[in-house]
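Colleague: Chains as they are written, first to last, in our numbering: chain A, 1 to 375; chain B, 1 to 274.
Derived by calculation from the structure, the hints in this document are not laboratory data.
Using N, Cα and C, we set each Cβ at its ideal position, and we do this for glycine too.
Just to be clear, a hint being listed does not mean it is correct.
[Said to hold, decoys possible] These stretches of chain B come out as covered by chain A in the derived footprint (C-beta under 8 Å, 3 or more residues):
(1) 108 to 119
(2) 216 to 227
[What the hints assert, rightly or not] Derived pair list, reagent style SDA-like, types lysine to any residue, alpha-carbon separation capped at 20 Å:
(3) Lys-164/B to Gln-151/A
(4) Lys-164/B to Lys-2/A
(5) Lys-175/B to Gly-39/A
(6) Lys-130/A to Lys-175/B
(7) Lys-175/B to Arg-101/A
(8) Lys-164/B to Gly-64/A
(9) Lys-348/A to Tyr-300/A
(10) Lys-247/A to Lys-175/B
(11) Lys-2/A to Arg-203/A
(12) Lys-175/B to Glu-272/A
(13) Lys-175/B to Lys-348/A
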Amino acid sequence: MKSIVMKDIRKNYGKVEVVKGLDITVDSGEKLILLGPSGCGKSTILRMIAGLEDITSGELYLGGQKVNHLRSGERNVSMVFQNYALFPHMTVEDNITYGLRINKVNEDEISRRKTDVMKTLELSGLEKRKPRELSGGQRQRVALARAVAKQSCFLLLDEPLSNLDVQLREHARKELVRIHEKFGQTMVYVTHDQVEAMTVGDRIALFSEGKVQMLDTPQNVYNCPANVFTAKFIGSPSCNIIGAREKNGFVEVGNQVFSLSAQWAGCLRGKEDLCLGISPEQIELRETPRDNAIKGVVRYCENYGHKTSVFIENGGTELVASTEESRFGPGDVVYMTFPQDKIHFFDKKTGHNVGYPENIARSCENDSLYKRRIA
Amino acid sequence: MSPDTRREIFLHIVLLSVLCVLLFPLAFALSNSFKTLSDAYTSVGELIPARPTLENYIHVFSRLDIARITLNTLFIAVIAAVFKVATSVLSAYAFTAYEFKGKNILYFVIISTIFIPFNVTMLPNYLTISRMRLADTLLGVALPQLADATGIFLIRQSMKTIPKSIIEAAAMENKSRFGILRDIVIPLIRPAIMSVGIIFFINSWNEYVWPVLMLKSRSNFTLSLALQMYISSEGGTEFTVAMAVSVLTMLVPLGLYLVFQKFIISTFTSSGVK
Chain A
1 MKSIVMKDIR
11 KNYGKVEVVK
21 GLDITVDSGE
31 KLILLGPSGC
41 GKSTILRMIA
51 GLEDITSGEL
61 YLGGQKVNHL
71 RSGERNVSMV
81 FQNYALFPHM
91 TVEDNITYGL
101 RINKVNEDEI
111 SRRKTDVMKT
121 LELSGLEKRK
131 PRELSGGQRQ
141 RVALARAVAK
151 QSCFLLLDEP
161 LSNLDVQLRE
171 HARKELVRIH
181 EKFGQTMVYV
191 THDQVEAMTV
201 GDRIALFSEG
211 KVQMLDTPQN
221 VYNCPANVFT
231 AKFIGSPSCN
241 IIGAREKNGF
251 VEVGNQVFSL
261 SAQWAGCLRG
271 KEDLCLGISP
281 EQIELRETPR
291 DNAIKGVVRY
301 CENYGHKTSV
311 FIENGGTELV
321 ASTEESRFGP
331 GDVVYMTFPQ
341 DKIHFFDKKT
351 GHNVGYPENI
361 ARSCENDSLY
371 KRRIA
Chain B
1 MSPDTRREIF
11 LHIVLLSVLC
21 VLLFPLAFAL
31 SNSFKTLSDA
41 YTSVGELIPA
51 RPTLENYIHV
61 FSRLDIARIT
71 LNTLFIAVIA
81 AVFKVATSVL
91 SAYAFTAYEF
101 KGKNILYFVI
111 ISTIFIPFNV
121 TMLPNYLTIS
131 RMRLADTLLG
141 VALPQLADAT
151 GIFLIRQSMK
161 TIPKSIIEAA
171 AMENKSRFGI
181 LRDIVIPLIR
191 PAIMSVGIIF
201 FINSWNEYVW
211 PVLMLKSRSN
221 FTLSLALQMY
231 ISSEGGTEFT
241 VAMAVSVLTM
251 LVPLGLYLVF
261 QKFIISTFTS
271 SGVK
């Protein structure tokens, strides 16, 4: 049992509540990502699990044991800090073995674990170096090695890759997944980077203002966002959210309409004020008129090499579409179609996803959220 | 000549003149300690004695138990330095790593004692020590010097430069806070600890007023008291002998400074752990 259970966890700083009642269960061996913009309380949650912050109210169980009152040294957790927090006066090997020595692991075992993690993380040969003599990527690996060598049941990572450059980050990401496969700890990973979240996590908990906005698999978070916040946060450029009205199977977008499938129409019946959500990469762009397409004018293009973001104006609203082609330019008239299995509708007032028709729901595998909402 | 070179030359002239002003008393003491009293009066400006003599030193060593006096001074200075450093480190750690009620007020009260002049505490201390029957003992001199707010302040400042996450990383491994202090905090602020210790040592070494109040018997004298015997109104006018005692008094702090100057300078110019 290496599960982490949070029951109505709250955290106040003075009168400000930064974590507002958290109920999450992280299964044994699972990789949970805490994702969110800065200041949303995700690091605070990690630090509460680690025992570095007091829990204002609620209960925290690690491996079935209530740990609210335990000091962090007694919780059998290891952590990788954002700035790595290596001990500057110790060599690489002392950094890795310090915790083991403190906890009286026998010398043979220490040396076995040290050699093992240093080999796994490609640190062999750097044993006697001090942290200041290492590159950023090496420091990050030492920090990870220190956390892994402890062989604790719970591995906590606080934006561990944010100080690395893009290439190193990609490499380190793969390494993290590999390490997890090898050691199988229950992992809680804080990041504001959605690519890390999508690639590393088994599940993502998306936070905003101290509350969980959505907790689900990366696929479901992307395919069936629970609310407007989730839809906008995931994806780059972020999801288009446009005011829309449904009328007799047609959706009004700006001053134009497109028709919905019968299933969608049934699903939206009786819901007036809506927002339509569509990811930029799901919009199909053409230069010639088509059935059920919405007309717009290109205002601006951003070319990333492998794809182009096209900013399109349509009756006062701006949409962005991603395409692999780069033939569009400012002033061009384009026709957009929205594939019916890729669109989302949100309640304008609450921001909640209003759900999906039966036939589309199947693409959101194991979607507990979907089932909950439809029920 | 480029403006930069001119600037350099100007700066060096200023620095050299300041250095001369600072070094002159030392050179004066050193040179006069090797002169006879009459030579000292006739050739005041002569920094290198025309007829050097060891007379003054012989006088000092024959009339004073200089070894004993040096040991007395050393005893007091070591106790003061060691205890002040220990108490400073412990309380600075408490003020940095612990959260408790009234922490800021307590810290403020302690730091404000820096501004209480010695004259105010002198009498109460004297009365306390003498009622403890420790007047005229070395321990009596050392006892009021076991803690120092300046030390707490300086050590706390340098502890605060250690990134919080390093302490937290240690806390995740370590079950005791004392272990963190011993394994992580102290090694990281070692330069600050060394230099604060040396400053305490030198302060105590040079101290005059408090020992003169406490110590009556010659066998307990410290170097600054011995020095006073030769230049005070009750003492003599043998000022060349006094210069020889001065030179001897300077030797230990000077040696310490030369050995540890790296730490002392770094404490006052840099901000510790990077």
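Colleague: Hint by hint, say whether it matches the structure.
Modeller: Results for each hint:
1. 108 to 119: violated (count 0)
2. 216 to 227: violated (count 0)
3. Lys-164/B to Gln-151/A: Not OK: Lys-164/B and Gln-151/A at ~24 Å, beyond 20 Å, violated.
4. Lys-164/B to Lys-2/A: The hint is violated at about 28 Å.
5. Lys-175/B to Gly-39/A: violated, 30 Å
6. Lys-130/A to Lys-175/B: This hinted pair is violated, its Cα atoms lying about 25 Å apart.
7. Lys-175/B to Arg-101/A: holds, 12 Å
8. Lys-164/B to Gly-64/A: violated, 30 Å
9. Lys-348/A to Tyr-300/A: violated, 28 Å
10. Lys-247/A to Lys-175/B: Violated: Lys-247/A and Lys-175/B sit about 65 Å apart, past 20 Å.
11. Lys-2/A to Arg-203/A: Between Lys-2/A and Arg-203/A the Cα gap is close to 16 Å, so the pair holds against 20 Å.
12. Lys-175/B to Glu-272/A: violated, 59 Å
13. Lys-175/B to Lys-348/A: Measuring from Cα to Cα gives roughly 52 Å; hence the hint is violated.
The structure is inconsistent with the numbered hints 1, 2, 3, 4, 5, 6, 8, 9, 10, 12, 13, although it conforms to all the rest.
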